[in-house]
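Chemist: Listed below are the residues making up each chain.
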Amino acid sequence: MNKFLIAASAAAVIAIATGSAGAADKLKACWVYVGPHNDGGYSEGHDKGRQMVEKELGDKVETTYVENVPEGPDAERAIERLARSGCGIVFTTSFGFMDPTIKVAEKFPDVKFEHATGFKTAPNVTTYNARFYEGRYIIGQIAAKMSKSGVAGYIVSFPIPEVVMGINSFMLGAQSVNPDFKIKIVWVNSWFDPGKEGDAAKALFDQGADIITQHTDSPAPLQIAQERGLHGFGQAHDMYDFAPKAQYTAIVDNWGPYYVKRVQAVLDGTWESQASWEGLKDGMLVMADYTNLPDDVVQMAEETEAAIISGDLHPFKGPVFKQDGTEVVGEGAVVDDGTLLGMNFYVKGIDGEIPQ
Amino acid sequence: MDMLEGILLTIVTAATPLVFAAIGELVSERAGVLNLGVEGMMAVGAVCGFAAANLSGEPVVGVLAGILAGMVMASLFAVVTLIFVANQVASGLALTLFGLGLSALIGDAFVGIPGIGMPHVHIPVLSDIPVVGVLIFGEDPLTYLAVILTIVVAWFLFRTRGGLILRSVGDNQVSAHALGYGVVKVRFLAVLFGGACAGIGGAYLSLVYTPQWTQNMTAGRGWIALALVVFASWLPVRVLIGAVLFGGISILQLHAQGFNVPIPSQFLSMLPYLTTIIVLVLISRNRTLLRVNTPACLGQPFVPDR
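In order, the protein sequences belong to chains A and B. Start counting the first sequence at 1; every next residue gets the next number (this note's numbering). Start counting the second sequence at 1; every next residue gets the next number (this note's numbering).
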């Protein structure tokens, strides 16, 4: 018995030694997803980026991911486990992972962390985000052009600045076409719950909306739109396959190039903490093919897209007013990034209140 | 489609999976077996239904696969609790956790694939009557099945000899055994029936409700079904009413938001559970009510003396 124990522990020591030696040559890059890696939406977008890292950097990296990590205390354990398991860089891809990421980063100063869509940085924590609102401005314009009822339904997850910014941008885009455009907003308190998202879409259509858009990740609302012969927009991912007759376009996240750049920086030893926020111009988000639309609307959308890329148009260009009519910025100015990232008010024309 | 019609139609769709799961659980509880694994059985039914429908191209095959999958899961539970007499509560919870994990594993290859929807019934003229037309004559086939199933179960339980035996097994297992009824056999069949119903409820989610498969897509509906059985005080027709009520609350809270009604959506989400607790309290205060409907041997293990 004793002999066996000694042999076993010796074997374990050898295993640990070779294990760490093996890991040393390769950089381990790790991802934390809030949904399934193949959710057909937001998390899959990140996973495509991860696959691009594997393809582009080949032998120099090893990637891994943890999926379905709930936002909250569990996230901290998942992130810590990755950091402990030898990851050199950890990408945490949902807003709710912000505080857990910061906490774990304090314990592992040698590991690089990158948190998507948040606003807290540290010497070893970078934030990165895409200017999704640019895409939302475009779909707002399309919605206002295409809607017969003048009402769009908007399904949302949680009242965080990112989401509120998206609602406002959509509305500003819509108002640029039809100043009287209305949106109806439903909070489903989840990023991914197809049943509830579908129910919300039905409710919004029943209340007179004829176009649906969403800041939740499942294709269910588009499927409902297709069933009803109505239309909508894909979220985070081209959802054309789920609703080929209903999707006008989709705001597609394109994280791959950024991930390659950042992992390469770690390999080169040039990684530095930063807060990056890239948009259509840098290709961090792209618009999916415009489908089911008349030519003049496609042309309008493409022109807007070009104007945003060239810098001629900023979705939050002044004058921008809050719901109660107070001015945020005046003519000729644009809402600054700080205000956007902390956005906690609706623009004029939106009914209802942001849940607290 | 006008709004009232739309709301009612959505409520019926939301209620259907609850009816299936709850009716199955009701039968199993009437036989004295508390199976807390409904959520897990639903999840496995959903994924198997989706997979079979997608591979075969036939929604009906999907429904059958869902039923079969639910029964396989239920038979696991039945073997563990009825043959090996393990604790029902613990085994049921384990079944739920196991089912959620297993469904994710089976479903990995099917995530992100559009599913095959099930067409709604359309009867010319009748389906076109305003408001009630679509509601009564334009549902999906499974919704009709849920209603028929409820009526059949009610008839079976209270109007047939088989139903009497099943209830006697749930109410007094020792006497039923003494009279020569196979307590374990009856319970085994009841649990299998419960599994089949949960499986079809799950398949409804992945085939009709939102034609796609995603992990955890049952989203707690199995637990609502369990609450529903208690809410209905073990009477099938009340399950129908309760399911419409529970489904209605979840839909109306979305509508309330669309109309800017200032009630927190979280409060409305917890209403079904709150109602169940209140009903439970009301039932337990009334001794006669409690004696009449609650299966007296619910959750009690049975070992036949040889």
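Among the clues, some could well be false.
Unchecked claim - Label-pair ranges, simulated between beta-carbon atoms:
#1 Phe259/B - Asn292/A: 24 to 34 Å
#2 Pro124/B - Val329/A: 36 to 46 Å
#3 Asp74/A - Ser56/B: 33 to 43 Å
To be verified - Among the chain B residues that face chain A by a calculated CB cut under 10 Å, a handful are:
#4 Glu5
#5 Val111
#6 Pro114
#7 Val121
#8 His122
#9 Thr160
#10 Gly162
#11 Gly163
#12 Gln215
#13 Met217
#14 Ile251
#15 Leu252
#16 Gln257
#17 Gly258
To be verified - A partial selection of chain A residues facing chain B, derived with a Cβ cut-off under 7 Å:
#18 Asp25
#19 Asn38
#20 Asp238
#21 Pro244
#22 Asp351
Don't read these hints as lab results, they were simulated from the structure. Idealized CB from N, CA, C, for every residue including glycine.
Chemist: State, for the Cβ atoms of Phe259/B and Asn292/A, whether the hinted interval 24 to 34 Å holds or is violated.
Modeler: The hinted range 24 to 34 Å holds for Phe259/B and Asn292/A, with Cβ atoms some 29 Å apart.
Chemist: Holds or violated: the hint that Pro244/A contacts chain B, with Cβ atoms closer than 7 Å.
Modeler: 9 Å, violated
Chemist: A closest beta-carbon separation below 10 Å is what the hint needs, so does Thr160/B meet it against chain A?
Modeler: 36 Å, violated
Chemist: Using the C-beta atoms of Pro124/B and Val329/A, is the stated range 36 to 46 Å upheld?
Modeler: At 58 Å between Cβs, range violated.
Chemist: Does Gly258/B hold up as a contact with chain A if the rule is Cβ-Cβ below 10 Å?
Modeler: Since chain A brings a Cβ to about 5 Å from Gly258/B, closer than 10 Å, the hint holds.
Chemist: Does Ile251/B hold up as a contact with chain A if the rule is Cβ-Cβ below 10 Å?
Modeler: 6 Å, holds
Chemist: Any CB of chain B closer than 7 Å to the CB of Asp351/A?
Modeler: 6 Å, holds
Chemist: Holds or violated: the hint that Asp25/A contacts chain B, with Cβ atoms closer than 7 Å.
Modeler: 31 Å, violated
Chemist: Under the criterion of a CB-CB separation shorter than 7 Å, is Asn38/A in contact with chain B as hinted?
Modeler: 4 Å, holds
Chemist: Tell me if Asp238/A is really an interface residue toward chain B, meaning its C-beta lies closer than 7 Å to one of theirs.
Modeler: With a closest approach of 11 Å, the Asp238/A hint is violated.
Chemist: Can we keep the Val111/B interface hint, with Cβ of chain A closer than 10 Å?
Modeler: 4 Å, holds
Chemist: Identify whether the interface hint at Gln257/B stands, where standing means a beta carbon of chain A within less than 10 Å of its own.
Modeler: Since chain A brings a Cβ to about 5 Å from Gln257/B, closer than 10 Å, the hint holds.
Checked against the numbered hints given earlier, the structure breaks hints 2, 7, 8, 9, 10, 11, 18, 20, 21 and satisfies all the rest.
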